[in-house]
Each structure stands twice: as C-alpha cells, then as structure tokens.
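Visitor: The lines below spell out each chain.
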Amino acid sequence: MALNPYDSPRGRLRSRVETTRRQFLLLIGAVGALGATLFGGIELLKFMFPAATLESPPEFKTTFTLDDLTGNNSLKVNVLSDTANRVTVVLDSTGVYAVYLVCTHLGCTPNYVSDVTSGTGVDDKSPLVDQHYKAEGSAISTRNGWACPCHGSRYYIDSTNFYGPAPRPMDWVDIQLAPDKHFVVNRGVITVYRQAGDNAIPKWRLDPKSGKTNGQTVGV
Amino acid sequence: MSARPTEGNPLRAFASQVWGSIFRHGLPTTDKVAARTALTNFFLHIHPVRVKKSAIRVSYTLCLGGLSFFLFILLTISGLFLMFYYIPSVDQAYQNIKDLQFVATFGLVIRNLHRWAAHGMVITVWLHMARVFYQGAYKPPREFNWAIGTFLLLITLLLSFSGYLLPWDQLAVWAITVGTNMAKYAPIAGPYTRYLLLGGRNVGQGALIRFYVLHVVALPLIGFILMVIHFWRVRKDGFTGGL
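Heads up: the protein sequence lines correspond to chains A and B, in order. Using my numbering, read the first sequence as starting at 1 and increasing by one per residue. Using my numbering, read the second sequence as starting at 1 and increasing by one per residue.
Chain A extracted, bound-state conformation (with noise of 0.2 Å):
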C-alpha cells in the first residue's frame, strides 16, 4: 500500500513549507484550465464580431446619369434616389448634392415626396421654410422632400428635419461626377453632419458642369 509521503507528522510540517508535487501540479492545472477558459472565452466574443460583413461597399456608381438628373435640361426631374443603396441625388441651381436617406431617429429609409409640408401645419409659405427652397428655383412649385413612414418625421429635400422624432438633420454624403457621367457616390466620407437644431442650408456642392466640389462642409 502506497503511502503519501506528506501523510505524516514530519510530512505535513514539510508541506507546509515547500510546495509538494500535488500543490504545484493543481496550481498548475488551475492556472491552465483559467487561463484557456479566458482565453476561450475572449476569442469566442471577437468571433461573434464580424471580421467581414460582406455588405455593399460604402462606394458606389449609381445607375443614372447626370443627363437623366437634369431630364435634358428642363429642370423638371431633379432628384433621383438609388433607394437600394439608400442614397438620393438632388440638383439645384447651385449644383449637386447628395443625402444619405437614413432618418436620424431611428434609421428607416424615408421617401421622397412632393409635397412634404401637407398635413403637418407648416406654413408653405413662411420664410423660415421658402429658405430652403431657394435654390430650387421656380421649377417645383410644391415643397418637397422626405417622410419617414417608420414614425413620421419629416425633411425638407435638403435634408433639414422639421417635424417628428427626428432629432436632427440626415447626412450628405460625397458625391463626384464620372467621366461616362455616373456619379460616384461615397457613403463612407460624410460632408456635412449637422447637429440637432442646424437648420442652415449647407454650402456644399458638386459643380455639374466643372465636376468639381466645392469642398465647403459641415461638421466634419
């Protein structure tokens, strides 16, 4: 019968001052079985973390043309929306522009709509909403711009909230001009981020003629 050496009176005093070879074996095992199980643990939460989303790239052509923005000159269709990308481009007087159509509430696709005003009780015709019309010229004649049908908010169609939840502004995006006359678009560089309560109309803009950008933005 095999005996624990550490057993005995002399053993157990011995024990207590070095460390015996199941002490150190347990210490061990212990140390281990911790150590992979944070380990384990750590790589198992960063796997639940997409390395990869495999998403649409941030960059994108749209499917349009500058040609059919300006619907050969007459100024009547000046905002196409690629509603799959989530990305709309509008052209005024002053030159293009693009929103990223992701509402500031709660990130439903709002939808273009002629006349954004009906139904909320803003005067058409107040200087605090014609400002943003300005630029439009006198080729729409109603107020558009963007309802979310998630809650209800409303933009004007440069992108300045005005009625429902949403807390501010949506997003432009960068947008340049293709040599075949696409546009480029770029969600991933925000050229002007307003903060809630901005409602200035936003300087910047992509010159149709000159396929040059201004570079004048907001917030970034």
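To be clear, the hints were calculated from the coordinates, so they are not data collected in a lab. Be aware that a few hints might be false.
Computed, partial: chain B to chain A, Cβ under 8 Å [what the hints assert, rightly or not]: (1) Thr-177; (2) Thr-193; (3) Tyr-195; (4) Leu-196; (5) Gly-199; (6) Gly-204; (7) Gly-206; (8) Ile-209.
A virtual CB, placed ideally from N, CA and C, is assigned to each residue, including glycine.
Using the hints provided, position chain B relative to the given structure of chain A.
Guide: The following block gives chain B in isolation, referenced to the frame of chain A:
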C-alpha cells in the same frame, strides 16, 4: 401490481412485461401507493404528491403560468414544423413564408398557430406576472422564483422580437432596424450591441441568420432551462392560493 409472467401464454407474458416496465405501479389503491406512484414516475414527478383542493381552483387565476407553458409547447411543436419549409436566406425567406401560406398543405394553419400562440404567450406571461405581483406571490420565500420569472419574461419578449424578423417582409426589416437602433442609443455598449446583433451595419443576411439561430436554438434553450428551475421552485415553495 408488478410485471408477472403469465404461465402458458408467451404473448400475454410479453405484453404484461412491457406494460409492467412502463407503468411500474398499478392504479393506486391507498394514499401511500398514490404518493409513491407520483414520486417514482418521471412524467408525474413534477406534480406535488399532495395538493390542497383550494390550490387548484383554475377559475381563481386561470392558471396563467400553465397557459404560458402550454403555449410554449405549442410554439415549439408548430415552430418545428415551420422549420421544414423555412430557409433563413434573404433570397428565399419571404417566398418560403408565402409557400407555407399558399402551397404547403395545412401550412397556413401551422403558421397562424405559431403566430397567434406567440402573441398569446406574450399576453399570458405578462398577465401571469401581474397576477403574481398583485397577489404578493413574489414575497419570500418565493423571491428567487420571481427573479427567474423576470428572466423568463425577457426571454419571451426576445423570442417574440427575434421571430418578427424571420418573414423578411417590410414590416420585419424596418421593425428590426428600429429596434436595433434603439439598442444603439445605450451608452458605450450600444453600437457594439447593434453590430453584434446584426452581424453588420444594416439589417441583411447577417442579421437574418443571427436572429434565426437565436430564435430557434439559443433563446428556447435558455428559456427551457429557466423553466425547469422555475417549475422546480414552484414545487418546492408551494402555491400561494390558486393556480
């Protein structure tokens, strides 16, 4: 009445042995045998050996916890049948639901059973919680079970929320967009939580498969484990008044 080989008839002897191996006790004749029958049978062991007559008055509180559990069973079974047709892919999910409704025989019934039972379970779980609260049944010694119950309520709501995305219609996609954007407003952890839930930045394929796994495996499993503890505590703590 244990299994006893019947002489002369091997078929009856076999049948008697099978019966006796499943039902180890005959019909209880005395209180003692009745108690032993309940105790030694796996399917009956969840029942208390003795119950006061006043404790099983169903009309008093309508046995809302039992109703919730019944709906959970119904949801598990109907959900299992739905899984034979449903593929969690953004290209196929919506069409699968339409197939379930218009092509699969009895599919419309199964789907609606699942849908209405889901609505019903949210209602009964809330009412059960209200009943327990108004009756003061959360007080010691039942405070632990009340805590388990709050987690079960959370699991029920999360199951309801995750199942909402699976039909992959407009309502589903935007409801989850809105819901996960609400999660984003939480300080510090918010954006990470949203990314974790969606497996991306938008509601897409990544979100669909994650919600599917949560809905059919993770949440029901956690719910089942919590329910086992919940019922075990009910057995140990006894009833407060009615069911």
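Visitor: Hint numbers the structure violates, sorted upward?
Guide: Hints 2, 8 not satisfied by this model.
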